[in-house]
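Peer 1: Chains A and B are the protein sequences, given in the same order.
Each residue of the first sequence is one higher than the one before, counting from 1 in the numbering used here.
Each residue of the second sequence is one higher than the one before, counting from 1 in the numbering used here.
Derived from the structure by calculation, the hints contain no laboratory data.
Be aware that a few hints might be false.
To be verified - Label-pair ranges, simulated between beta-carbon atoms:
1) G435(B) with S132(A): 47 to 53 Å
2) V285(A) with K83(B): 55 to 61 Å
3) N338(A) with E469(B): 54 to 60 Å
4) N338(A) with S87(B): 43 to 49 Å
5) N338(A) with R442(B): 26 to 32 Å
6) V285(A) with K320(B): 49 to 55 Å
7) F432(B) with S132(A): 41 to 47 Å
Here a beta-carbon is modelled for each residue, glycine too, at the ideal position from N, C-alpha and C.
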Amino acid sequence: MKNYSSPYVTPSASTNRLMLNVIIALIPGTIAYIWYFGMGLIVNLVLAISSALLFETVILLLRKRPLKAYLSDYSAIVTAWLFALCIPMHSPWWLVVVGIGFAMIAGKHLYGGIGFNPFNPAMVGYVVLLISFPVEMTTWYLPLQISPDSLTLVQAFSYSLGLVDIHQWDTLTSATPLDQYKTSLSLNMMISEIRQSPVFGSFAGVGWEWIANWWFIGGIYLIFTKTIRWHIPVAVILGMLILSFSFYIADPDSIASPGFHLFSGGLMLGAFFIATDPVTASTTVKGRLIYGFMIGALVYIIRSWGGYPDGVAFAVLLANMSVPLIDYYTQPRVFGMNPPEDH
Amino acid sequence: MPDSVYSFHGGLHLDDHKSESLTQPLQIASFADELILKVSQHIGEPNTPVVTIGDKVKRGQLLAESSALVSAPVHAPTSGTVKAIESRYIAHASGQKAECFIIVPDGKDESIEVGKRSTESTALDKTALLEQIRSAGIVGLGGAVFPTAAKLTTANQHGIKTLIINGAECEPYITCDDLLMRNYAAIIFKGISYLQAILQPEKTIIGIEDNKSVAIKAMQQALSESSLTNTTVSIIPTLYPSGGEKQLIKLLTGLEVHSSQLSFEIGILCQNVGTCAAISQAIDKSRPLTSRIVTVTGPGVKNPGNWFTPLGTPVSHLIKLAGGYTIEEPKLIMGGPMMGLTLESDQIPVVKATNTILVMDQQEQEIAQECIRCGRCTEVCPVQLLPQQLYWYSRTQQFNMAESYHLFDCIECGCCSAVCPSHIPLVQYYRFAKGEIWEQRRKTYKSDRSRKRHEFRDARIAKQKILDEEKRKLKREALAKKKAAEKAAKEKTGDKAPTSQSADAVQEALERVKARKKAEQIDPENTGNLTPDQQRQIDEADARRSQNKMDDA
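Just chain B, with the same shape it has in the complex (with noise of 0.2 Å):
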């Protein structure tokens, strides 16, 4: 029975499927022939290579990093030769291709040196905590592949008094964090034990949907043996989406997150029951996130199960110890049928965000028929959006009636399209709707940015000619005050050297020619005698373009 008090609005229940992939213990899959992993495989900045082609490397060692603060390393599974760097297709929405390391096994999957920790785990304070994380390359296991120690300081600074472990899995087919938590209950509490020496919160709650009832029970036992104080495990009603973050975190703590907030604004952080054991993993043992469990399942594969699966092992490789497909046309898609991407086809490789290869029957989409604002939408939707407003708007492109029905607030959970009775692909629509703003918005700011250049060497120009225009009035009446005053002195000394001025004054030339020779040989550097107009001109302009990187940040 689930024991949480609150609720949120509309939701699903969907024929869950999970008992496909449990006939099977979880197994520890094989090597495939060649692993193929993607240089980057976090939300953030991309990874630069550090090994290059035929460099051997070791279980552990680092492949690839960036500098920045919100990145994630990528380290080599197992042994074996790098034996490219190229474009190989990835798992994507628009089918695209990203550079990859190929990486040969040789067999003995020897492991990098790993320092005997001097001091216990425990009494690691915070920074060599999260550095740990971080050169671990841990990213947010539920889907979303944020770097995890970007995401720990962040929210450290804001303060977090709720720490909300996902264990919810609430999408149908998806069974890899309940045999995580069934068989490594202990290792996920260490890796709790671990968030809550950084974050220091005031309460620990894992919340879990009441369908896993084996990984409750685990989840319950492990935390009794464990000194974690504050912490509870809760069981949430099985609906979908009751994983999304904001959805959990109401349906756990009866907190809205606003719309436009994250949740550490509110002191609420959300980690994913897999983060924790990749976390403890790293600080226990040094080891970094290079495999993952991965659900293979669907009425398309032979023998669904779990695999400890290294990371870069191609689709094809996990069908093949699943038993292989059981349909002629399969349809591959990572993630449950909710929200999971269509793959198209099974050379891509498993990165850190696969949690399922699902294998379906190729099914036509049906022709929708016209929306009858039936209301079904409306009425499951979980962010309490009005679907068919939105897909209203989205299709006659009408795009800011589309915004001012809140369509940035839709989560894409697919729940309005798996009620439609005309069978509307609604999601569709939102998607397309979102992408065609997001374009409009770059536009937009780039065309403000090139017309606010424009304007101001406009500006800078008519500047410059009335200051032109000045100057050479100045001159001018400066040079008829001097004949003037050459006249006035002629008529006074009347024509006795005319020549002794003229040969002055090329002395005088030469003499300024010199001078500046000088200058030039002690300052070669053009911004070293500047004027203080000049100088300010430059401050200007510095200011103008970190404005301007400010605004593309």
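Excised from the complex, chain A in its bound form (with noise of 0.2 Å):
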């Protein structure tokens, strides 16, 4: 089809590039989560991202929709790599699967595919697989800095398949920091006591607090190559700082410091990686402040008061929720609409 309206100039950006972007961002923390992890990481990248363009082929055929096209736009791969950096490793794989499973159909194409689904698909997936596999998402594994072993990449592999005995490396298992920072102050105990236990870094957990620094880094190189804009990511760290500060200087000793919450958990990956979805996201830049705002207050609130250790991904599905009603409150005032009265 030939162009004969104007304009007539071809936009230099392109979703594609967009996503490349993203997956480009990425790449840092990965690398840091192998580095403080294990080889953990790659299976669940490898079972992810396979099994999402897996789905994804499936669907686009039974939609009868061109598969290069969109095949080609990487949004699988992005939802994967998120979704495979959200759930812990060495897990079954039949748990990455079901949850890509999830993400994809549900969350993306019963919608419309991409475009069109109000919630991140990554984040449905891995609620999804929170609410319904409780155990098997909160086994979590302690660094290798302070883990008396570590698991080679075949090994991981056999372990995520099943091909061997899944209760030899129990030991290597911990709670996460979020996780028992929780555990710990409901029973009582202080501050200084919890950050006794060698989970803790200098800051934030060990490990954790690095693979945060490395988000944020990946985080700037998105907004510098104006993939994203700054306002999401911002507000959700000043959501969560805001809130995180005033009830810090009330009890110092009972409750975690920002720091301690910014660099903990989900919430760099969130801030950067995951609110910032365009699909799901507010569109306008007052919107954007108050989505991102709600989404690092609710972190906090469900981290301090919910039943879960993390809230990122409940915090980025309640306000998914909320966008329309945001969206439609922030509208900005069109050109030439009330003008000043003085003229």
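The task is to assemble the complex, starting from two chains supplied on their own in separate frames and drawing on the hints.
Peer 2: What follows is the structure in structure tokens.
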């Protein structure tokens, strides 16, 4: 088809390039993750990405959509990658496949595919697993720095596929810092006591705190390449900082510091990579600030008073749900509507 | 450095591609073998030809005009013969034809006699100046082609405080205004002085984008040499669409023209620099608008440049002057790459609105991906709309929603389409939605009117029935009374003179007929002898008719 109507300029940006930028920005944090926690993540990534591409292909075929055009937008890979980063390492293979299947089918294509899903597909998949398989989803492994042993890539694969005895490496599992913190606080322990546990590092969890730094750097790359705008990540961090700081100064003995909250769990990853998914986020400037702040605040609320140690996924889904409302009430003032009176 | 303190939302920094067509000086285009002059080249009431096939015409001779206020006449660009008046393809969004004069130049380029002006042109009063502008066929040369005299007349009724001269030329590739300002700054200022004489504005601001440094210098120089007061040349940043009327007003004055208003309603009037030059030519030299500067440029043409082009010149002639095509399958655009019109062939003629002929590669439109709501369109929209919402509602044909998201405030500048990573032709969707809504409105209006008419007719018939019924009743009663009276009389007088009575009746009837005939002879008009009731009905019908006309307008 020829282009008969103006404008006749071809945009330099493309959706594929934006998604590719996200993948590039994820690489440093992913390497750090492997560095601190071992080969299990590679297994997760391989399983998640290959099953996501498989699901995407099958559904596109069923929906009679052009395969090449849709598969080359990298969106399935981004979803799978984020999902793989969220679930525990050394998860059984079926856990990954079920989660990804739910993300791709129910989270994405049942709504109409890319661009039409109101909820972040990776978070949909993750939350379904968290609710359905609590045991598997809360079995986390120690960072290598304080772990008595580590698994090779082959071991990790065999483990995940159930080819070796599952309980062999039970001693390597541990609660995450956020989990430990939550359980200890419920036992009325002081922050200073809790921090005696080896899972805690210089300001957050061992390993976790440095991975979070790399997510941050990846996020700066995304802002620098104009893949995302600063509003959402800044608002998420602000939401978390304002809430955690106000509670922290009231009772620093039994409440974790804002630094701990920022660099623990999924907050940094969420702020730069998950909350910024354009399809499910607010589109107006004001709306993005409200949306981001809501996520930051909700994460703190869930961590402090909710039933789960971390709350990024729930916070993002709740904020996704509010997007139509936020967008409706934050429409910018159209040029020439109610101009200032003084002319 | 730009010296404007105000800004507008969004906008785009585009590759300006202006240097290509600035490598050659301004040239004068030769006459083509035949000139194709559109009969109406303005927005408003259509013109009627005043010459016929076979007529010999001279340069400046009137070819077509209209008596309506919102119209602009068309004149012959050179001497020659009117070969035909027929339908030809013109620059039109839907590739339509329109009535055109076909003039074969005789090569002598003779001008009509121009009488020496008795008074100094500066001494002319407003009415004379406006008449001069109107009869010269001047329209807004920025692209809107609204008749200038009509615009000035309306603006004058509102009172103009600020006159803005648009020299922004913000679209890529276009350089005709740039060259005009470089070479004819003094003429532009002459035109501005006439505008000032007509409008009496408190101040005049000339807005030029900061990528035209030579033009800015020339204009500043010419301004300092002129006697104009309260006039400034203001340098604005190069940011598309700074030349959009409402955007330029915001940039230069900080004022926003309300969505429902036109600029003169807040005391501001915009004129393009080209229009100013044309006004000066019309008043000082009594020269009607028969040529304009056209930029011929783009990657598909050998020697890009600018030409003084007689109106009616076919595009192919200009391409020849520019050294011909350099590509196999050229795509022709009249105007810039952001808002220009696609031309179906190079036989289409230059009109008053033609600022540029852009020759590009025929590019295949890519298959659009789904909108991922990234919001880039929102960031660049100079009207601060939510283009992705407009797209959503236009695509799903929820036109009410699209309207509530201010579809009709969209100026179709193309910024959103130019940044969309999913390569969605957004503006096409908005044009579609606007077209559909207009169509719906036309239909609703039509059916409303028919319904009203029908209801009125029903009511009238019902009323008539009641009236008739009453009349019949009265007649019956009168008849009954008469019969009773006759009966009584009969009883009194007995059966004495029935024949004489019937003879009387015949005589009476004859006299009645005679009287009526006489009356008809005196007043043959059927509206002459109206009862007050009939007159009232006619008045009501007239009122309804004029009301409908007003609705139509």
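Peer 1: Determine for every hint whether it applies to the structure shown.
Peer 2: Comparing the hints with the structure gives:
1. G435(B) with S132(A): 47 to 53 Å: 51 Å, holds
2. V285(A) with K83(B): 55 to 61 Å: 60 Å, holds
3. N338(A) with E469(B): 54 to 60 Å: 58 Å, holds
4. N338(A) with S87(B): 43 to 49 Å: 47 Å, holds
5. N338(A) with R442(B): 26 to 32 Å: 30 Å, holds
6. V285(A) with K320(B): 49 to 55 Å: 51 Å, holds
7. F432(B) with S132(A): 41 to 47 Å: 46 Å, holds
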